[in-house]
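Full structure from sequences and hints, please.
Chains as they are written, first to last, in numbering that gives the first Met the number 0: chain A, 0 to 255; chain B, 0 to 290; chain C, 0 to 378; chain D, 0 to 393.
I should point out that these hints are in silico values taken from the structure, not numbers from a laboratory. One or more of the hints may lead you astray.
[What the hints assert, rightly or not] No farther apart than 30 Å at their CA atoms in a straight line, the calculated lysine-lysine pairs in the DSBU-like style are these: (1) C:LYS35 / D:LYS81; (2) B:LYS56 / D:LYS34; (3) C:LYS35 / D:LYS34; (4) B:LYS255 / D:LYS244; (5) A:LYS109 / C:LYS10; (6) D:LYS305 / B:LYS129; (7) B:LYS31 / C:LYS314; (8) C:LYS212 / A:LYS109; (9) C:LYS212 / A:LYS123; (10) A:LYS126 / C:LYS10; (11) B:LYS129 / D:LYS331; (12) A:LYS123 / C:LYS82; (13) B:LYS129 / D:LYS193; (14) B:LYS255 / D:LYS355; (15) A:LYS159 / C:LYS314; (16) C:LYS82 / D:LYS193; (17) C:LYS212 / A:LYS136; (18) D:LYS171 / B:LYS56; (19) A:LYS69 / C:LYS212; (20) D:LYS331 / D:LYS355.
[Unchecked claim] Over 10 Å on every C-beta distance to chain C, these chain B residues come out as not near it, computed from the model: (21) VAL53; (22) LEU68; (23) ILE72; (24) MET123; (25) MET150.
Note that the coordinates shown come from a computational prediction; the quantities given were computed from them, not determined experimentally. Where is the CB? At the ideal position from N, CA and C, for every residue including glycine.
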Amino acid sequence: MSEYVLETVGLGISFGGLKAVQDCNIKIKENEIYGLIGPNGAGKTTVFNMLTGVYQPTYGTFYLCGEELKGHSQEVINRCGIARTFQNIRLFNNMTVIRNVMVGLHNDPKYSCNFFESILRLPKHFKAEREMRARAKELLDIFGLLEDRNQLAYNLPYGKQRKLEIARALATGPKLLLLDEPAAGMNPHETEELMQTIKFVRDKFDMTILLIEHDMSLVSGICDRLTVLNFGQTLAEGGVEEVLNDPAVVKAYLGD
Amino acid sequence: MEFISAIISGLSMGGTYAMIALGYTMVYGIAKMLNFAHGDVIMVGAYMLFVAIVSAKLPVWVGIMIAILVCTIFGIVIERLAYKPLRGASPLAVLITAIGVSFLLQALAQIVFGSEQKNVSALMINGSLKLGEVSIDYSTLVTLAVAAVIMVALTLFVKLTKVGRAMLAVSEDRDAARLMGVDVNFVIMITFIIGSALAGVAGVFKLMKSPAVTPTLGAMPGIKAFTAAVIGGIGSIPGAMVGGVLLGIVEAICLKTPIAAYTDAIEFAILIIILLVKPSGLLGKKRREKV
Amino acid sequence: MKDFLKNVKWKHYINYIAVAAFALIFGIIGLAGGLKGSTEYMLEKFAIAIILAVSLNVVVGFLGELSLGHAGFMCVGAYIGGKVASLLDKGADNIGVLLLAVMIGGSVAAVFGFIIGLPALRLRGDYLAIVTLAFGEIVRTIFMNTSSESFGGTLGLRTPRYDSSYLFIFGFILVLICLAVTQNMMRSKHGRAITAIRDNEIAARATGVNVTKYKLIAFTVSAFFAGVAGVLYSHSNYTVQSSVFDYNYSIEILVMVVLGGMGSINGSIIAATLITFLNLQLSTVLTGDLAVLKNLIYAVILVLIVIYNNAPALKHFRERYNLRALLDKIIKRKKDPSDQKDDEGAWDRVPTKIEMNELLSTDIIVTESVQDPDKGGKS
Amino acid sequence: MKNTVKKLVAAMLVVVLAVTAMFALTSCGETNYAKDNTEFIIGLSGPLTGGASVYGIAVKNSAEMAVEEINAMGGINGMKFKLVSYDDQHDSTLVNTGYASMFEGGMQVSLGCVTSAPCLEFAALSAEDNLFFLTPSASADSVPAEDNAYQMCFADGNQGSVAAKYVNSLGKDTIGIFYKADDPYSKGIYDQFKASLNSSITTVEANFTGDADNFSTQIDKLAGCDFIFMPIYYGPAQTFMTQAKGKIADDATYYGCDGFDGIDSPSEDSTFDINEIPQAVQMLSHFNSKATDGDAKEYIDKYVAKFGASAPLNQFGASAYDCVYAIYYAMKAAYEADNNSIYVTMSPSALCDILKDSFNGGFTFNGATGTNIKWESTGFVNKQAIAYSIKAAD
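Rendered as C-alpha cells:
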C-alpha cells in the first residue's frame, strides 16, 4: 500500500501545442482534504478531467493507492475508486432523487444482479433492489435529502442539488472524492453548511477529498493542504497558511 | 476512357449535390441543426417553376426569380414557425420537427399538385462541349460554374461582412455571441434565407438536367447532399462543394459497374464509414465536446 | 398471500392487464367464430404496431438516441423469419415453426441492432440518426437485390400466412412478452443505467455506468423486438416486400412514440393502437390524392407535439396544462411527492423531453481545433 | 389506488364476459358475405394515387364503363353488376385491408390488383377464399400461380421473351438495355429478355432505382447504342428521352413494353411532347391506343366520349374493359347452360368454380385487346402481341 491515496507524477496535457497543464505533482495522504486553487483558466478542472479519464494525460501519470490508473476510461477509473462532482451540476435530471443515488450504487458487488436475472425477476433482483434502496435511503438521510427522495432531481433547490451530486458520488464507494467548486453559487450560510457536510463526509466515510474552490473562507476553513495552479503550472504547495501567504500566490490572485 | 466519362457524368450529378450541400452545410454550421426539410424546399422551388413557366406561361427568368423568392419565403416561414420556438431545446426535438416539416411539405405538394409526374422542359439545356473524345454537357458546366461562384461568394460573405462574421461567431459559440451583442435570431434567420434561396437555385439546376417534378423529388437528393456535406466536412463551405462533386463521381462510377443496383447502399455505406472514421470530413474542423 | 397482494404495485401491471383483457375478449370472440377476417388482420396490425412502438421507445425514449432505421430491423426480422417459416412450414400452421421463426428472426435483427449500436458509441444526436437512416436503406437495398430463389428479389418473399384466427392471439402474447422484457429491464438497475445515460452521459460515465454495455443492450433489445414484429408481419401477410420497410415507415413508428410521449410505454401502446386504427380506417375512406392527408395530419401532429413539449417559451404553460395534471385533478392523486410510495415517481412520469448534454464551459479556453482521440462526432 | 384498480379489473372482466356472451350467441359461422347482395359485385384494387395512378384510374374508369354498358344491356337476365374499387396506392401492405373490406362487402369476383407487387398479396388472399380474379395488368409471372387467378395481359416473362424474339429478328450486334432494378415489373421482363436473347448479341446495360431522375451516367453508358430496350414505365422513360436528346443518336430506337403505354398522350399540365423526341419509339403491346378499326377503336371512342380526352387512356384500361366483359360472357354462358347455377347471392367460391371450369375449358373471347383470346390452365393468357410504333424517327 502506497503512502499516498493519490499521487500524480509530472502530470500534464497539451491541446494542439498549447500546454494546458504541466508537471503537476500532487500527493494526497489518506483522510486528507486537499485544495486545488488558482485563478480562472489555470487548468484546475483539466486536472480533474485527467484524473477521471475524460482527457488522457499527454505527460506523466497518476496513481491511486499505488495503482496506476492512467489510460483507463472514465467508467473504469470510477470503479477503481475516484468519484467526482462537476463544476456545473450534472444530475440525472429526469430521474428521482433516490434513483440518482441508486445509479451510483450500480457497480457495487453487494448488489450484483445481471441483466437476465432482472428481466426474469429472479429473487436476486428483488434482493438487490431492496438492498440498494435501503442503502440509498441511508445516504440520502445523511445529506438530509430523505424527504425529497421521490422528487425529480431538477426540481430540487440548488443547494440540495449540490448535496445530491456528492451523495451520488459517494454511493459509488470511492477512495478519493473530487469536488469541483462545490460552493459555487452558494450564499455564506449555505457555504458554511457545506463545509460541515464535507468535514462530516471525511469523518463518516474516512474519505480523502480533493477539491477545487474559489471561496477562500471555505478553503482556509477545511483544507489541510493546498496546491496553487497558475497557467497550468504549480505555483505553490503545502499547508494552507504557508501557501496563502506566499507572495507569488498573492501576486497571481491580486495582480501586481 | 470509360473512367474519364464516368467522372464527367459524375460532375453532372455532383454539381447538383454540391448546390444542395452548400445550403445544408450553411444551416448546419450556423444553426446547428440538420434541416431535413432542405430537400423539400427544393421540391417547392421546382413546383414554383412549374406553376410559373408551364401553367402561367411566364418567361423563364421570371419563373426562376419567383421560385427563388418563394423558396426564401418558405425558408423564413419554416424557421419562424417550426424551428424558432425550439431554440434552446434539445437537438433531438429540433431534428424530429425538421422531419415533420419535411413530411408536411411533401404531403402538401401532393394534395395541391397531385402525385403524377409533371414535366418542365423549358429549363433543359441540351448540347455539350466536345473536347476530343470527351464531351461535357453545358448544363454541367453551368451548374459547376454557378456552384463555384456561390461558394466563393459565400466564403467572402462570411469572411468580410459584418453579418458574415456574426454568423461565424454564432457557429463557434452561440451563447458567447449573444453576450457579445450578436442578435442570434437574426443571424439564424439570415442563414435560413441564404440556405433556402440556395435550395431554390438547386431546384432550377435540377430542372436544367431533368424535367421531372414530383412531390418526393427533394427527399433523396436531400439525404445524398447531406452525405456530400459530411464527406466534405459539415459546416465547411468549400467542403460542401468538394463533397458534392466526389459523391457525384462515386455515384457515376457505381452506376457504370455491374453493382449499379446497390448504388444507394454504397453511398450510404460511405456515409457511415466517414462518420465513424473521420466525422469531421475532408475539410471540416474537429470540435471537442467540453466537460 | 394478503401481504403479497398488498405489496404488488398494481400500477406497474395495469398495462399487462389491459392488453391481456383486450386479447382475451377478442380471442374468445374469435374462437367462437365471431370475428371478420378484416378485424383479425387489424388486431394483428395492432400487435405489430405496439411491439414496434414500445421497442423504439427503448432507444428513443429511454436511451435518448434517435433511430430512423427501426423499419430496417423489422425488415431483417420479416425476411429472416419469413424465410425460416417458408423453409420449414409447408402449409400447415405449426406453432413450433412460428416460435422458431420468431426466435431466429428476432435474434438476427438483434445482431444488426448490436452492430448499429457500435456507431452509437462514437456518434450522438443527428449524426447517429442519419446513420440509422442509412442502415435502414442499406438493408432494404440488399434484400431487394437478392435472387428470386433466396429472398424473392424485387417481387418480395412469399411467406406462409399463419391461420388468422390464432395469429393475433399469438401476437398479443408477444406484446405481453415485449412489455415484460422492456418494463422489467427499465424497472431494474439496468434500466436506471440506461436512463442515466440519457439524462447525462458524462455524469453517467463519471458514476461508473458502463455506457458501452448499456447502449448496446438498449439497441440490441430494441432491434430484437423490431425483428419479432417483422416476423409477425411476415406471418400476417403472404408477401414480404422490401419497399414496405422504407424511411416513411420508420417515421410512422416514430410518430407513435412521440405522440404517446417519449419514455412512456403506456403512451406508446395507446398511440400505436390509435394510429394503426386510424390508418386502416382512413385507407378505405381517403382515396385519390387526399390519401396523403393522413401524412399531413401526422406531420402536423409531430411538429405540434414536439414544439409543445420542448419549446422553452412554453414551459410554464406546459406545467399548468397537461394531461397528467388533468388526470391528477380527476383522480385527486396524492400531491406531496414525499408521501408517495417509493418508486411511484418512476420513469414513466418523465416528461416528454430529452435533455442532451449541453455544451458547458471549461476553465481553459482552447481556440485551436483540437484532436481528441476519445471523442469523435459531436460537434 | 389499489381499490380503484381492483374495481377496474373487476369491471373489465364483466365487460369481457358480457361481450363474449353476446358474440357467442350471435355468431353462427356464416361465411358467405354475398348472401345479401342485390347485384353481382366485382372488386378492384389499384393505385388511384401515386406514381402509378394513371394505370389505376384508367382501369377503374374502363371497368366502370363496361359495368354500365352491361347493366344497360340488362345484365344476366336482369341480374346487374356493380364495381367496387379500393385505392391500394401500389402498396402491398394496404391490399390486405382493401381485400377484406371488399370481400366482407360481398365481392364475388374480382379484377385483382392493377400492379404486380400488390397483386401477389391479393392472389394469395383470394386463393384462401377461392375467389376468381382476372387481372387486367398485374403481369408478374407468379400472379396466376394459384388456380383461381388469370391474367388478361401478357406475363412479364412472356413479354420479355416475345420482345427478345423480336430483337433477335432485327439482326443487331449490340443493343442497350435500360431498366429499373428495384421494380418487379421491370426486373421481371429484363431477366426473361436476357435469357431469351441470342447469345451473339452484346448488351450494354444501365439501370436506376427509386425516384432517380438524373440519368446522365446511364445515358452516357448507352450513348453508342442505336437500339435501346426499355422495360420501364413511361414517367422515367419521358425523363430519359428528354435528357438523352443530342446524346443518343437521332436515328436510334427506344423499344418498350406495355409500361410505355401513355407516353404519347399529352396530359394537360405536362410539357412532355413525344414529337420533340427525335428517336423512334416503339412498344410491344396487346392494344393500340391509336387504333382506327375494330373493337379497340370502339373502346377508344366510348372512353373518350365518357371521360374526355384528358383522362388516361392506355392498354391497362382497355384490358380492364375486356376483363369485365370476359367475366360477364363466361357467367352468361354458364347461366344459359344452367339457369340455376348463377344467382346474385351466390358465394364467391361457387362462382369461382364455375368460372374456372369455363376458362380452363376453352372459353374464347374477342375484345379491344385482341381476338380469339384463350387462357391456359396455368392462368396465362394466349393472344396475339402487336409491335406498335408510337413514333418513327425524325
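Each hint, compared with the structure:
1. With a C-alpha separation of about 23 Å, the suggested pair LYS35 of chain C and LYS81 of chain D falls inside the 30 Å cut-off, and the hint holds.
2. With a CA separation close to 57 Å, the supplied pair LYS56 of chain B and LYS34 of chain D exceeds the 30 Å bound.
3. For the suggested pair LYS35 of chain C and LYS34 of chain D, the alpha carbons sit about 15 Å apart, so the restraint of at most 30 Å is met.
4. Note on LYS255 of chain B and LYS244 of chain D: the hinted pairing holds, with a Cα-Cα distance of about 20 Å set against a maximum of 30 Å.
5. Of the pairs offered as hints, the one joining LYS109 of chain A and LYS10 of chain C holds, with about 29 Å between alpha carbons and a cut-off of 30 Å not exceeded.
6. Under the criterion of a C-alpha separation no larger than 30 Å, the hint pairing LYS305 of chain D with LYS129 of chain B is inconsistent with the structure, at around 52 Å.
7. Between the alpha carbons of LYS31 of chain B and LYS314 of chain C the distance comes to roughly 22 Å, so the proposed pair stays at or under 30 Å and holds.
8. For a cut-off of 30 Å, the pair hint linking LYS212 of chain C to LYS109 of chain A stands: about 20 Å separates their Cα positions.
9. Only pairs whose Cα atoms come within 30 Å are accepted, and LYS212 of chain C paired with LYS123 of chain A is accepted, the gap being roughly 21 Å.
10. Only pairs whose Cα atoms come within 30 Å are accepted, and LYS126 of chain A paired with LYS10 of chain C is accepted, the gap being roughly 21 Å.
11. Between LYS129 of chain B and LYS331 of chain D the CA atoms are separated by roughly 67 Å; this puts the pair beyond 30 Å, and the hint is violated.
12. Restraint check for LYS123 of chain A and LYS82 of chain C: not satisfied, since their Cα atoms lie roughly 39 Å apart, outside the 30 Å limit.
13. Distance restraint check for LYS129 of chain B and LYS193 of chain D: the Cα-Cα separation of roughly 34 Å exceeds the 30 Å cut-off, and the hinted pair is therefore not satisfied.
14. Restraint check for LYS255 of chain B and LYS355 of chain D: the C-alpha separation of about 48 Å exceeds 30 Å, so the hint is violated.
15. In summary, the hint linking LYS159 of chain A to LYS314 of chain C is supported, as the alpha carbons are separated by about 22 Å, within the 30 Å threshold.
16. A threshold of 30 Å between alpha carbons decides the hint, and for LYS82 of chain C with LYS193 of chain D the separation of about 28 Å falls inside it, so the pair holds.
17. At most 30 Å may separate the alpha-carbon atoms for a hinted pair to count; LYS212 of chain C and LYS136 of chain A meet this at roughly 27 Å.
18. The straight-line distance between the Cα atoms of LYS171 of chain D and LYS56 of chain B is roughly 44 Å, outside the 30 Å bound, and the hint therefore fails.
19. The hinted pair formed by LYS69 of chain A and LYS212 of chain C meets the criterion: a straight-line CA distance of about 22 Å does not exceed 30 Å.
20. For the given pair, LYS331 of chain D sits about 14 Å from LYS355 of chain D by alpha-carbon distance, which is consistent with the 30 Å threshold.
21. Every CB of chain C lies more than 10 Å from the CB of VAL53 of chain B, the least distance being 19 Å, so the non-interface label holds.
22. The beta carbon of LEU68 of chain B sits about 24 Å from the closest Cβ of chain C, which is more than 10 Å, so the claim that it is off the interface holds.
23. A cut-off of 10 Å between C-beta atoms confirms that ILE72 of chain B is not in contact with chain C; the least separation is 18 Å.
24. Its beta-carbon lying about 27 Å from the closest one in chain C, MET123 of chain B satisfies the requirement of being farther than 10 Å from that chain.
25. Listed as a non-interface residue, MET150 of chain B keeps its Cβ farther than 10 Å from every Cβ of chain C; the least gap is roughly 21 Å.
Consistency with the previously given hints fails for numbers 2, 6, 11, 12, 13, 14, 18, ordered from lowest to highest.
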